[in-house]
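Which chain is which? The protein sequence lines are U and F, in order.
Residues in the first sequence are numbered from 1 upward in steps of one, following this note's numbering.
Residues in the second sequence are numbered from 1001 upward in steps of one, following this note's numbering.
Hint data in this document are derived by calculation from the structure and do not stem from the laboratory.
C-beta: ideal position from N, C-alpha, C; glycine also.
Watch out, some of these pointers could steer you wrong.
Simulated restraints on C-beta separations [claimed, not checked]:
{"id": "1", "chain 1": "U", "residue 1": "Leu416", "chain 2": "F", "residue 2": "Tyr1072", "range": "46 to 52 angstroms"}
{"id": "2", "chain 1": "F", "residue 1": "Asp1200", "chain 2": "U", "residue 2": "Leu416", "range": "26 to 32 angstroms"}
{"id": "3", "chain 1": "U", "residue 1": "Gly290", "chain 2": "F", "residue 2": "Ser1020", "range": "50 to 56 angstroms"}
Within a straight-line C-alpha distance of at most 20 angstroms, the following computed SDA-like cross-link-like pairs (lysine to any residue) qualify [to be verified]:
{"id": "4", "chain 1": "U", "residue 1": "Lys532", "chain 2": "U", "residue 2": "Asn553"}
{"id": "5", "chain 1": "U", "residue 1": "Lys137", "chain 2": "F", "residue 2": "Leu1099"}
{"id": "6", "chain 1": "U", "residue 1": "Lys137", "chain 2": "F", "residue 2": "Glu1120"}
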Amino acid sequence: MADLLIELFSEEIPARMQARAREDLKTLITNGLVEAGLTYASAGAFSTPRRLTLAVEGLSAQSSPTREERKGPATTAPDAAIEGFLRATGLTKDQLDIRDDKKGQTYFAVITKPGRPAATIIAEVLESTIRSFPWPKSMRWGAGTLRWVRPLHTILCLLSDEAGAEVVPVSVDGIASGNITRGHRFLAPDPFAVTGFDDYAAKLKRAYVVLDSAEREAAIWQGAQNLAFAAGMEAVEDRALLTEVAGLVEWPTPLMGRIDDSFLHLPPEVLQTSMREHQKFFSARNPKTGRIEGFITVANTQPADGGAVILKGNQKVLTARLSDARFFWENDLRVAKAGMGEWLDALDTVTFHNKLGSQRARIDRIAALAREIAGVVGADAEVAEKAARLAKADLRSSMVGEFPELQGVMGRYYALAAGEDEAVANAARDHYSPLGPNDAVPTEPVSAAVALADKIDTLTGFWAIDEKPTGSKDPFALRRAALGVIRLVLGNRVRTNLTTGALRFAADLIGPIENSFADVNDLLSFFHDRLKVFLKDQGIRPDIIEACLAMPNNDDLTLLVKRAEALAAFLKTEDGTNLLQGAKRAANILAQAEAKDGVEYSFGADIKFAETDSERALFAALDTAQAKIAPAMQAEDFAAAMSAMAALRAPIDAFFTDVQVNADSEILRRNRLNLLHRIRALCAGVADFSKLEG
Amino acid sequence: MAVFSSAPRSFQEIILRLQSYWAEQGCAILQPYDMEVGAGTFHPATTLRSLGSKAWAAAYVQPSRRPTDGRYGENPNRLQHYYQYQVIIKPSPPNMQDLYLGSLAAIGIDASLHDIRFVEDDWESPTLGAWGLGWEVWCDGMEVSQFTYFQQVGGHDCKPVSGELTYGLERLAMYVLGAEHVMDMPFNAPDAPIPLTYGDIFRQTEEEYSRHNFDGADTAQLLRHFEDAEAECQRLLDAPPLDPKTGKTIIMAHPAYDQTIKASHLFNLLDARGVISVTERQAYIGRVRALAKKCADAFRLTDAGKDAEVAL
C-alpha cells in the first residue's frame, strides 16, 4: 500500500472556485485511478489561494492484470470482417484462437494486459486531469498552450510507502513534477522539499500556510468573535463571506476596527452590504445599541507591527466607501422626501422587456392589479394600489444602483422617509418574496397584494409573448414566480378563482401583444404543474392532485389543496384504500357494460328490484352517505364528506361478495348497473377516482 | 535594482521610481500617447502590440480621461483626467507577479507591514473587443492595480499572452503619501523652491473640464465627429495595401486606429452629456468595437503584428 500526494501550485485561484475545484480534483483523480485498476482507502482534497492539493491513502502498488476474451467472426467469414476484428483487437491473425462455436469454427481473441505500476497510472491520470480540468473559466499564459485557472507553476507528485517517497515523473507543457513546494508568498517564500502528506502539512504550517480551508474558516470565525467580544460587541455571522475570505488567505489574521461615528446613522443593511461587497469585512454589532459599529478584516499575513498599518489602511478605504454610501443615502433621502417622483419618472426609460414595455408601464399594471385583488387578501384597495406604485421606486435610487441586492430594503426606508405608513413601506421591502423555498411568505395584507400582483403580472406578461419555460431553461424565473403565487395564496388562505379573477384581469391589462392574449387556462395548468411539485414535497402524491383537478373551481388553489389534503388523508386509511378498490371495480364493470350496451347507466336504481340484503343495505348506505356528503361538500368540509364515504366501504364490499351484477335477468342487471352508477356518481362528486393509482 | 532608502515624498517621485524600476526590468519606457484615451490600455503600445507573436515589453504613463467622472475637483478621489501607469510584457514572464511586487517595494510599500492580496477580477473592454483573466491587487483593502493576462484583443486570440499591469497613479500615490484629498497631494517635492500640489496643477482644469463634459460640449458637433471618425477609420482601412507612391505595402493600421480612439472618446463625451439612451449605448459601443476589430485585423497583416514564420 502506498500514499499519494499531489499539489498543483499556481497563481491566486479565485476564492469562489476553490470548493468546486477541490471536489473536481478528488473525483477526477480517484475515478481515473480506479478505472485503471487501482484501489485506494481514502482521499482528501484541500485548497488555498495558491494550491490545490490531493492526498490519497492506501493506494495499491499496481493494478491487477486483466484478461478479456472477445468473440470474433467465423473462420469462413469474408476477409474484411476478419481484418476489422484484427484492427479492433490490435492482434495479428496467428494470435487468434479458433474454437468450435454454435456457428462452426470461430475466431476468438484473448487480450491480456499485465498489471501496471501505480506510478505509471498516476502520471497518466494526473496529466489528463490537468489538461481537462473543468474550471468555470480558464486561461493561457506566456507562450504556452496549457489552460489553467491562472498560471500553473509547479506540480508536486509524490508516491510514498514504508521504503520511502518517490517523485512520480509527470511533465505537462514543460512543467515537470517534483517534491518541492513553497510557503506563504511573503512570510516564507523559499521552496522546500516534502516526503509525504503529514510532512507537507506540518512544513506548510511552519511556512505560514494553513492547508485546510475548514481550519482557516474556524480560525477566522474564532478570531472575529474574540476580537468583537473584547470590544464589547458581537461578530455578525455570514457563512458565505467566511467561505470566501478563507479562500483569500493562507495565514488568516483577523483585525478589528470601529466604524466612524459619522456613519452610524446609515441603515445597518447598508453598512453590512458595503463592507461585505467592497471589502470583505465582517460586521460587528453593539448589543447595547443594536447597531453595526465595528468591522473585522482578515489579513493574509503576520504583520511585523501587529497590524496597525494594515488596519489604518483598511479604515481609510472604509471611510471612502462609506462616504460614498452616505452620499447616496443623503441624495436618495432628498428624492424620497419629495415623494420619489423623480425615480418613478426615470423608470419610464428603463425597459423591462422589449415586448412588455418599460418598468413604469409594468408598475402601472401592478398597481391596477393590486387594487383589483386587494379584497381577496383583506387589504384596502387604495393602500394596495399606492404601495404597488411605490414598491419599485428604489430601483432608480443611487444606493440600489450601487448595491442591487438592497432593492426592497432601501425601498422600505425611502417609503418611510416619504411619509408613507408601515404597510406601504413593508410592501416595498416584502413584495419580492417569497424568493426561494425557504423564504418566508409575506402575510401583511398589503404586502401580499403587491407580491401577488407583481408575480401575476410577470407570468401573464411572458405568457402573452409566449416566453414560457422549457426544459431546464427558465431565464425569467417564471417557475419561481408561479411557486411564489402558490405559496402566497396557500400561506394566506386566499380564496379566489384565478382564471376568472386575477389572471383574466392581468391578461386584459397587458392586452394583446402582436395580436395574442395570454392564455389564462394554459397559465392555470402551469400553476397546477408547479402545485404538484410543491405538494409532492409535502408528501401528497401527484395523482391525488390530478384526481382533484377534475373537480369544479380548480382555479381556487386553496380549495384545491384542501380537497387534496382530505383525499390524501382518506387514502391513508384502510377504509379509504378499500373504498377506492370498490369504486374502481364499480367503475370498471360499468364501463364494460356501457361499452357493450352503448348506453350510460344513469337512470337511477330502484330498490324494489333489490333481491338480497347486501343489495338493500347498499341502497340504504348510499342514501345515508348522499345525505351527508352533499351538505358537507357544500360546506367544503371535505373531511366530513370523506368519512361519510368511508361508511360505504363495508356495504360495497358485501355487495360485490354476495351479488352478481351481470345477472341473467336483464331487469336485475340494469338495476344493479344503475346502482353502481350511484357509487360512481357519489365518488365523482368528491374527486375523480379514476385518476388515482392503486 | 535601485534601492530607495526612504519613502517617496511626491506624486512625481512615485512615477519616476516606477519608470526607473520598469526600465531596469528591461521595458522600453515609452511616452504617453498623444490622444485622448479612457485608459492606458488604448495606447497602441498595448492594444495593437499585444497582437501577433513578436516579443514586446513597454511601460509608460498614460493621461486618461473619463468625462463622466468629473466632480469639479471637489471629490477627494474622483477625477475626469488622471494618470495611469501601464506595463505590458509579451509573452508574460513566469515571474510577472514577483516583478509586480518588486514595483510596489520600489515605491515604498513594504510587504512585511502591509497586506497585499490578489483578488479575482476579470477584465473586459467591450469597446476594444478584449478580455483577460487576472486580479485587482489589494493593499490593505485598497485596490492599487489591475493585473491581467490578455486572452483576446480586437477579437483575436493573444498568442503568446501578454501580461498587463495598470496602476491608478493618483489613488496609489495618495495611499503611499498619506494624502486625504487628491488635490492636497504634493506633486513635486514639498521642500522644492516652488512646491506644487496636485491641486495647484489640476484643480482649475478639473473645474473647466467638468463644466465642459457635462454642459459645455456641443453634442451635435460631437455626433458629427463620431460619424466622421468612424468613416475615416473605414476609409483608411479600405485603401489598397500597395502604396502607389513608394511601391511598398503600407497598411495604415495605426492611423485608422487613431480614428477608433477618437470615436471612443467622442462616445464617452456624448455619454457624459447624457444624450445617449440605454438602448443606444450598446449600439455605440458595438460601433467602436467593430472599428477596433478591423484595426486589429489590419495590424495583424503588418510587420509588427504578424506571426513569426514557423521554422520547419
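Hints versus structure:
In this structure the supplied range 46 to 52 angstroms is violated for U:Leu416 paired with F:Tyr1072, their Cβ-Cβ distance being about 33 angstroms. Take F:Asp1200 and U:Leu416: their Cβ atoms lie about 46 angstroms apart, and the range 26 to 32 angstroms is violated. For the hinted restraint 50 to 56 angstroms between U:Gly290 and F:Ser1020, the CB-CB distance of approximately 54 angstroms keeps it satisfied. Annotation: proposed proximity of U:Lys532 to U:Asn553 holds, straight-line Cα distance about 17 angstroms (limit 20 angstroms).
Restraint check for U:Lys137 and F:Leu1099: not satisfied, since their Cα atoms lie roughly 25 angstroms apart, outside the 20 angstroms limit. Annotation: proposed proximity of U:Lys137 to F:Glu1120 holds, straight-line Cα distance about 12 angstroms (limit 20 angstroms).
Hint violations for this structure: numbers 1, 2, 5, all remaining hints satisfied.
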